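Using the sequences and the accompanying hints, generate a full structural model.
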Amino acid sequence: MVTPFNELRERLLRAGIAPRHVRRYLKELADHLADLAAEEKSRGLNREEAESAALARLGSMDDLARAMIEQRQLQSWSFRAPWAAFGLAPLLGLAAAWFATLFILWSGWSLFLPGTVTPFGAGPLHGFANAYFQFGRMIYFFAPVFIGWGVALVAARQRLSVGWPALGLALLAWAGTAARVHAGRSALSGVANVGMSFSLGNSAGEIVHGLLRASVLLSLMVLPYLIWRLQRSFLRSTR
Amino acid sequence: MLPRETNPNFMNGVPELLILTLLAQREMYGYEIVQAIRSRTSAAIAVGEGVVYPVLHGLERDGALVSRRKAVGGRSRIYYSTTQFGVRRLAGLSESWIHLAEAIRGILKGGQYGHPVQ
Numbered sequence: 001m002v003t004p005f006n007e008l009r010e011r012l013l014r015a016g017i018a019p020r021h022v023r024r025y026l027k028e029l030a031d032h033l034a035d036l037a038a039e040e041k042s043r044g045l046n047r048e049e050a051e052s053a054a055l056a057r058l059g060s061m062d063d064l065a066r067a068m069i070e071q072r073q074l075q076s077w078s079f080r081a082p083w084a085a086f087g088l089a090p091l092l093g094l095a096a097a098w099f100a101t102l103f104i105l106w107s108g109w110s111l112f113l114p115g116t117v118t119p120f121g122a123g124p125l126h127g128f129a130n131a132y133f134q135f136g137r138m139i140y141f142f143a144p145v146f147i148g149w150g151v152a153l154v155a156a157r158q159r160l161s162v163g164w165p166a167l168g169l170a171l172l173a174w175a176g177t178a179a180r181v182h183a184g185r186s187a188l189s190g191v192a193n194v195g196m197s198f199s200l201g202n203s204a205g206e207i208v209h210g211l212l213r214a215s216v217l218l219s220l221m222v223l224p225y226l227i228w229r230l231q232r233s234f235l236r237s238t239r
Numbered sequence: 001m002l003p004r005e006t007n008p009n010f011m012n013g014v015p016e017l018l019i020l021t022l023l024a025q026r027e028m029y030g031y032e033i034v035q036a037i038r039s040r041t042s043a044a045i046a047v048g049e050g051v052v053y054p055v056l057h058g059l060e061r062d063g064a065l066v067s068r069r070k071a072v073g074g075r076s077r078i079y080y081s082t083t084q085f086g087v088r089r090l091a092g093l094s095e096s097w098i099h100l101a102e103a104i105r106g107i108l109k110g111g112q113y114g115h116p117v118q
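So the protein lines, in turn, are chains A and B. Reminder that position 159 of the first sequence reads as 159 in our numbering, one-by-one numbering, no gaps. Reminder that position 55 of the second sequence reads as 55 in our numbering, one-by-one numbering, no gaps.
Accuracy of the hints is not assured; some may be wrong.
[To be verified] Okay, derived cross-link-like pairs now, DSS-like style, lysine-lysine, Cα gap no bigger than 27 Å in a straight line:
id : chain 1 : residue 1 : chain 2 : residue 2
1  : A       : K41       : A       : K27
2  : B       : K70       : A       : K41
3  : A       : K27       : B       : K70
[As the list claims (entries may be wrong)] To be clear about the criterion: a stretch of chain B counts as covered by chain A if any three or more of its residues have a C-beta under 8 Å from a C-beta of chain A, and this derived list gives those stretches:
id : stretch
4  : 73 to 82
5  : 97 to 106
Hints listed in this document are in silico derivations from the structure and should not be mistaken for laboratory results. Owing to the predicted nature of the structure, the values given are computational and were not obtained by experimental measurement. Beta carbons are placed, not taken as given, at the ideal position from N, Cα and C, and that holds for glycine.
So this is what it looks like as structure tokens:
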């Protein structure tokens, strides 16, 4: 039985209903519709009449949408607090990923390069030691992109307008471009220190270069979203 | 039979009361709930059957119901049942509705200042 719930799905998602509730609602409606059609058939209606009667009993799309939208507690967190979902949460995620990166750098330095002034360019590394540092470097470089994909995915799933997600992605692109890792030993105590700073550069040329890198990073983040949008447009046009 | 049209404002809270009452007796899935409401009210309360699900989701979100998937006849159904909080909520709702119904009946039958409805 063909279920006419695509329009309902779009309306609910645009109204901010959490995707998991939308998915379950549509599944329950489809099951209910099948039960109603079976009931109508058992009364002697043919298939088309039974499906038509079942749809009428289920309720109009307006009623079905309104009933769900009125349940405000079913709205998604990203709809109710987009500033937190697309501004704060991605930055906290990035901070956590980079904290892990710094920990890997500091611990790898202590384990595999004891006594060196800095872990950067401190001689050839092989085997596990090399893999350890490369893992940390991979997290450092790819964390903004992966988190950006997450932001775009949430925005796409919930059919959100571009404002807050775009701001979140721009912040991630800026952070991903402006971040600098520092590592060095204290001159007095010799204690190993690692840290980060944020700057696009000191000269106009560096800033322009930094902005170009941020644009590339932003493009990488929105690429899956753009592909998804194109795919949807294509599917709609071929329907 | 009463007309099947419903007044949404007047019906506010009625589906919740009926659903909690039915589920306090045994666990059910959506279609069963709607059939039970239809048969027990002699179809006096008729709404689009699909609108029962948002009420169920809302009650579950509030902690008044829990749900579980159960395979029946080769199909996966979502069964709902009341929690302790749901039972307490039902008791509160029932009390309010009984109080309200008595007050309305008092007005319709005529009281100290009223006149019986002809």
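How the hints compare with the structure:
Proximity of A:K41 to A:K27 is assessed by CA-CA distance (about 21 Å); at most 27 Å being required, the pair is judged to hold. A distance of roughly 25 Å separates the Cα atoms of B:K70 and A:K41; the hinted pair therefore holds under the 27 Å criterion. Taking the CA atoms of A:K27 and B:K70, the gap is about 14 Å. The hint holds against a cut of 27 Å. For the stretch 73 to 82 of chain B, the stated coverage by chain A is satisfied: 3 residues place a CB nearer than 8 Å to a CB of that chain, which reaches the threshold of 3.
Counting residues of the stretch 97 to 106 of chain B whose beta carbon lies closer than 8 Å to any beta carbon of chain A gives 0, which falls short of the minimum of three for the stated coverage.
When each numbered hint is compared with the structure, a violation occurs for hint 5 only.
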